[in-house]
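Novice: Okay, here's what each chain looks like letter by letter:
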Amino acid sequence: MKITTWRAAALALLTAVLVAGVALSTASATVRKARAQTLVIWADNDRKAAVTQLAQQWGAARGVAVSVVVQDFGQIRDKLGTVAAADAPDVTLAAHDWTGQLAANGLVEPLFLKPAVAAQFPKYTRDAFSYGTAVKRLYGVPVAIENIGLVVNTKLAKVPTTWAQLEREALAFKKAHHTAFGIAVQQGTNGDAYHMYPFFSGLGGFVFGVNKAGNLDPSDIGVANAKFLKNAGLIDKWNKEGLINSKLDASTALNAFLKQQTPFWLTGPWNSDTLKKSGLSYRIVQLPKIVYPSVPFLGVQGLVVTKYASAHGVESLAQDFVTNFMASPTAQAALAAANGRFPANTVAGKSVKDATLAQFGKAGVGGVPMPNIPQMSSVWTDLGQAWVRSTKGAGAMPAKRSFTGAARSIAAKIG
Amino acid sequence: MSTATARVPAPAGSRRAAAIPVVLAFFSGPVGLVTKIGLLSLSNGLAVWAAYVLVDHRNWVALAVLAAATGLIDYVYLARRRTPAAKFLVPATVFLIGFQVVPIIYTVEVAFTNYSTGHIASKADAIRQIERVTLEPPANGKSYTAAPARDAGGNLVLVLRDDQTGKDYVGTDERLTALAPGTVTTGALGIASAKGYRLLKGNELFSLDKTLNSFVVPTAGGAGIRMQGLSQAVELRPTLRYDSRRDAFVRTRDGTVFHDNGEGSFVSATGEELEPGWKTFVGTKNFGSIIHNSAIRKPFLQIFWWTFVFAVSVVFLSFAVGLFLAIVLNKKGMRFRRLYRSAILIPWAVPGFLSLLVWQGLLNDDFGVVNRVFLNHVGLNVPWLFDGDWAKVSVILVSFWLTVPYFFLVSLGALQSIPDELVEAARVDGGGPIQIFRRVTLPLLLVAVSPLLIASFAFNFNNFNNIYLLTSGCPCDSAGGIAGSTDILISYTYKLAIATGKGQDFALASAVSIIVFLIVASISAVSFSRTKALENLA
Numbered sequence: 001m002k003i004t005t006w007r008a009a010a011l012a013l014l015t016a017v018l019v020a021g022v023a024l025s026t027a028s029a030t031v032r033k034a035r036a037q038t039l040v041i042w043a044d045n046d047r048k049a050a051v052t053q054l055a056q057q058w059g060a061a062r063g064v065a066v067s068v069v070v071q072d073f074g075q076i077r078d079k080l081g082t083v084a085a086a087d088a089p090d091v092t093l094a095a096h097d098w099t100g101q102l103a104a105n106g107l108v109e110p111l112f113l114k115p116a117v118a119a120q121f122p123k124y125t126r127d128a129f130s131y132g133t134a135v136k137r138l139y140g141v142p143v144a145i146e147n148i149g150l151v152v153n154t155k156l157a158k159v160p161t162t163w164a165q166l167e168r169e170a171l172a173f174k175k176a177h178h179t180a181f182g183i184a185v186q187q188g189t190n191g192d193a194y195h196m197y198p199f200f201s202g203l204g205g206f207v208f209g210v211n212k213a214g215n216l217d218p219s220d221i222g223v224a225n226a227k228f229l230k231n232a233g234l235i236d237k238w239n240k241e242g243l244i245n246s247k248l249d250a251s252t253a254l255n256a257f258l259k260q261q262t263p264f265w266l267t268g269p270w271n272s273d274t275l276k277k278s279g280l281s282y283r284i285v286q287l288p289k290i291v292y293p294s295v296p297f298l299g300v301q302g303l304v305v306t307k308y309a310s311a312h313g314v315e316s317l318a319q320d321f322v323t324n325f326m327a328s329p330t331a332q333a334a335l336a337a338a339n340g341r342f343p344a345n346t347v348a349g350k351s352v353k354d355a356t357l358a359q360f361g362k363a364g365v366g367g368v369p370m371p372n373i374p375q376m377s378s379v380w381t382d383l384g385q386a387w388v389r390s391t392k393g394a395g396a397m398p399a400k401r402s403f404t405g406a407a408r409s410i411a412a413k414i415g
Numbered sequence: 001m002s003t004a005t006a007r008v009p010a011p012a013g014s015r016r017a018a019a020i021p022v023v024l025a026f027f028s029g030p031v032g033l034v035t036k037i038g039l040l041s042l043s044n045g046l047a048v049w050a051a052y053v054l055v056d057h058r059n060w061v062a063l064a065v066l067a068a069a070t071g072l073i074d075y076v077y078l079a080r081r082r083t084p085a086a087k088f089l090v091p092a093t094v095f096l097i098g099f100q101v102v103p104i105i106y107t108v109e110v111a112f113t114n115y116s117t118g119h120i121a122s123k124a125d126a127i128r129q130i131e132r133v134t135l136e137p138p139a140n141g142k143s144y145t146a147a148p149a150r151d152a153g154g155n156l157v158l159v160l161r162d163d164q165t166g167k168d169y170v171g172t173d174e175r176l177t178a179l180a181p182g183t184v185t186t187g188a189l190g191i192a193s194a195k196g197y198r199l200l201k202g203n204e205l206f207s208l209d210k211t212l213n214s215f216v217v218p219t220a221g222g223a224g225i226r227m228q229g230l231s232q233a234v235e236l237r238p239t240l241r242y243d244s245r246r247d248a249f250v251r252t253r254d255g256t257v258f259h260d261n262g263e264g265s266f267v268s269a270t271g272e273e274l275e276p277g278w279k280t281f282v283g284t285k286n287f288g289s290i291i292h293n294s295a296i297r298k299p300f301l302q303i304f305w306w307t308f309v310f311a312v313s314v315v316f317l318s319f320a321v322g323l324f325l326a327i328v329l330n331k332k333g334m335r336f337r338r339l340y341r342s343a344i345l346i347p348w349a350v351p352g353f354l355s356l357l358v359w360q361g362l363l364n365d366d367f368g369v370v371n372r373v374f375l376n377h378v379g380l381n382v383p384w385l386f387d388g389d390w391a392k393v394s395v396i397l398v399s400f401w402l403t404v405p406y407f408f409l410v411s412l413g414a415l416q417s418i419p420d421e422l423v424e425a426a427r428v429d430g431g432g433p434i435q436i437f438r439r440v441t442l443p444l445l446l447v448a449v450s451p452l453l454i455a456s457f458a459f460n461f462n463n464f465n466n467i468y469l470l471t472s473g474c475p476c477d478s479a480g481g482i483a484g485s486t487d488i489l490i491s492y493t494y495k496l497a498i499a500t501g502k503g504q505d506f507a508l509a510s511a512v513s514i515i516v517f518l519i520v521a522s523i524s525a526v527s528f529s530r531t532k533a534l535e536n537l538a
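As you go down the protein sequences, you meet chains A and B in turn.
Read in order, the letters of the first sequence correspond to residues 1 to 415 in this note's numbering.
Read in order, the letters of the second sequence correspond to residues 1 to 538 in this note's numbering.
Hints are computed from structural coordinates only; laboratory data are not their basis.
Note that the structure is predicted; figures quoted are calculated from it, not measured.
Watch out, some of these pointers could steer you wrong.
Unchecked claim - Not everything, but these chain B residues come out facing chain A in the computed CB check (under 10 Å):
no. : residue
1   : N44
2   : D125
3   : S143
4   : S207
5   : V234
6   : T239
7   : D243
8   : G277
9   : D365
10  : R438
11  : Q504
What the hints assert, rightly or not - Calculated Cβ distances over 12 Å to all of chain B for the following chain A residues:
no. : residue
12  : D72
13  : L156
14  : T161
15  : K175
16  : K307
17  : A338
Glycine residues also receive a C-beta, built at the ideal position from the N, C-alpha and C atoms.
Modelling step: build the complete structure from the supplied sequences, incorporating the hints.
Specialist: Here it is in structure tokens:
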């Protein structure tokens, strides 16, 4: 009895093991084989439908299968470095300021645009995706552009054309309504260099200079350059009169504008839908020139081909999809519209009818693409903190000292 | 009265005692055998699959470990000898190795490498990538609309149309030949057909990818026409040449030599560096930079002190208040006792990251509820988050708020496990309530709670969430520097890892984590040995 049970058990076990092992191996082999004939694309949830539709259109023409995987956009950069090769994408949506890091890590492959196609993209959008210390190469096909602008509630204030006018109106409104700030600029404890940049650039500040080869130079830091320091006293003045208050965070700033507690709000196209639904009458312009033009940071989103495409045997296909098909005006218009951005392709840009998007586009004229070199990660916190320290109301540090300290710290961190 | 309450847990205990043999009996029969065989075959099936993958990767060491481990598991559960201890130890050991030992080994390994932005690939990959990304179009380089095709003999060729002149060519890996006008037609996706050539499409393109990438139609001056995708080709020239004999790159333009610098990069004599680099062992360099780089070292001690203060204050405040509440709410016959108890658990019921973000809003100096609704009316405006010292207070208070329910529950449980007879006896002996608490309740309580106090200390010592979600380690009043006023060691490590140099210095962060680990481990070890003394006392 005992022995038969034992034997039966051993036999059952052996069979089960073999079946399980073989089943799993076959399953993984099937997955692998299917994988080799599919182009895998990473996109965020907003753009999944548009990317899927376009990719299938291309896939049908090329006779290959495509699969679109949804990822949180903000996570894609870091995931590309850690993902297992079998799950890795061949093509992904990316932000231009990741380019340096991705290229330095060898995670993305250089691309070529035909001269006629390249001419349809503004030079800065192509530069934004170009990187290289030895040879500068293009790593992404621009898809959409975004930047912040000054949103003005036209019922509460006139659209300002000069800085003096803006300052006067904002302060008058502040006094009349007993609010704690004049212009709503989102900051918070951690600071937000992206949203304060128009003020910074308007006072003569910049992040990195450009060297002779035309590349951003991480050793030339303009956070406390002489021109800017000469004007930095204005920040202390704004802090004193309460024109700017860095205690405002993103949601407070948004609510203040929607509840008409301020006529002036600095924000970007991601709030287009909120603005349209708000029922307020508004207009978006570039922040008026302070001492220098107060230009915002420009962000460019695009498509890149990853290094995994080559291991998956689909590199040529991936390049074809990105540079040949997705660069076309129709594909660009569809993809940019999917998450409410202005298309990077100028031909596609002409077809944009949305007034809000067009106004945001105009507010970005002359803007500076966010530096795409990896050293930028040493800058964000310090630059944002420098602004917060000088604009937090009582107990604020003089801007000159604050930004000089930030510049020193950034230099030390970049090393 | 007291005897009646003391007897209350007894039935539950006896029920539990009766349940164990029942469960054992249930699993001893055929059900148990089937369950065992099911689980074992699952584990073995997974092992077969893992072996398949490992053989594919030619990882023989891991394969040997896998075989040995699987064999051991099968032996332990199938051998006729009864080895109950081993049966429980094996799964525990597997999980211990998987979730504790391996991550620690990995962290230690990373700490001795240069794993960071620009150094994540292998050297072979880096060399290949440098060769690819330093190709450059020559002056007046041409670009073509192109398609891969097979000629009459079945050889791979490129059918090309010059984008500028519109002339057609066919390129082999030996030369470029002009085609007669009219041979080639174009469509929406580039070249549509070419007389005498068969264009490749569909699945042929997959198998061809590798060949196509190394297919070069040579042109003048060392340049060559390469496919870029499936419908265009560009004339490119290498600017760097890899010399495998010297293990160095040479720039063709000026002969500059880039040598392997031993730290995962090719660097020229003037310090020019080629990207990408690769991951390699750099010895104790990371530990050295913690000691030698003043930007890292200077804040370290100060942060260590604050981390200690933060963890200790949070644990003691929450324990003191939690215990107090537990004693108050342990009083029998109190009305709405359940209601109070549930109310105290609310901070625990809300997901921590949510309540932290809510607190961040509540404490905002100018717009937060705390100042505007409460303090402003008495003429106060506390800079909760924007002043270095106040931010420290806020961080402690919010962490305290999040931890109190835990110690309330723990203390309540421990209090109820203390036999009422002891307290009764002390009262009969004439002890006052404070004396009874100090001499009887607290010592007995501490036996149960002190390991939890230590665990909570270790947890708060590394409480990244609370710091990062509330203040991000800021305010950073010191005008520069990596650390802010409320940064604890682990959030400082995070900042070192993502916001210095080229970003993402995992190796340096691992080195700091090891130091943090050693600190926490030694503090815990000392505390646990103290606890043992306490146990003996009790």
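Novice: Are B:D365 and chain A close enough, Cβ to Cβ, to be under 10 Å, as the hint says?
Specialist: holds (5 Å)
Novice: Report holds if the minimum CB distance from A:K175 to chain B is greater than 12 Å, and violated otherwise.
Specialist: holds (16 Å)
Novice: Should the hint that B:N44 touches chain A count as held when the rule is a Cβ pair under 10 Å?
Specialist: holds (4 Å)
Novice: How about B:G277: closest beta carbon in chain A under 10 Å, or not?
Specialist: Status holds, d = 8 Å.
Novice: Checking a non-interface call: every C-beta of chain B should be farther than 12 Å from the C-beta of A:L156. Is that right?
Specialist: Holds: least Cβ distance 20 Å, greater than 12 Å.
Novice: Quick one, is the B:S143 hint okay against chain A at 10 Å, beta carbons?
Specialist: holds (6 Å)
Novice: Can we trust that A:D72 is non-interface, i.e. its beta-carbon lies farther than 12 Å from all of chain B?
Specialist: holds (16 Å)
Novice: Does B:S207 hold up as a contact with chain A if the rule is Cβ-Cβ below 10 Å?
Specialist: At about 7 Å, which falls below the 10 Å cut-off, the nearest Cβ of chain A leaves the hint on B:S207 intact, so it holds.
Novice: Looking at A:T161 again, its CB stays over 12 Å from all of chain B?
Specialist: Non-interface label on A:T161 holds, nearest chain B Cβ at 30 Å vs cutoff 12 Å.
Novice: Should the label of A:K307 as a non-interface residue stand, given a Cβ cut-off of 12 Å to chain B?
Specialist: violated (7 Å)
Novice: The hint names B:R438 as touching chain A; please verify it with the least Cβ-Cβ distance against 10 Å.
Specialist: violated (42 Å)
Novice: Is A:A338 truly not at the interface, in the sense that its beta carbon sits beyond 12 Å from all beta carbons of chain B?
Specialist: The assertion about A:A338 holds, with a minimum of 22 Å to chain B.
Violated hints, in rising order: 7, 10, 16; the structure is consistent with all others.
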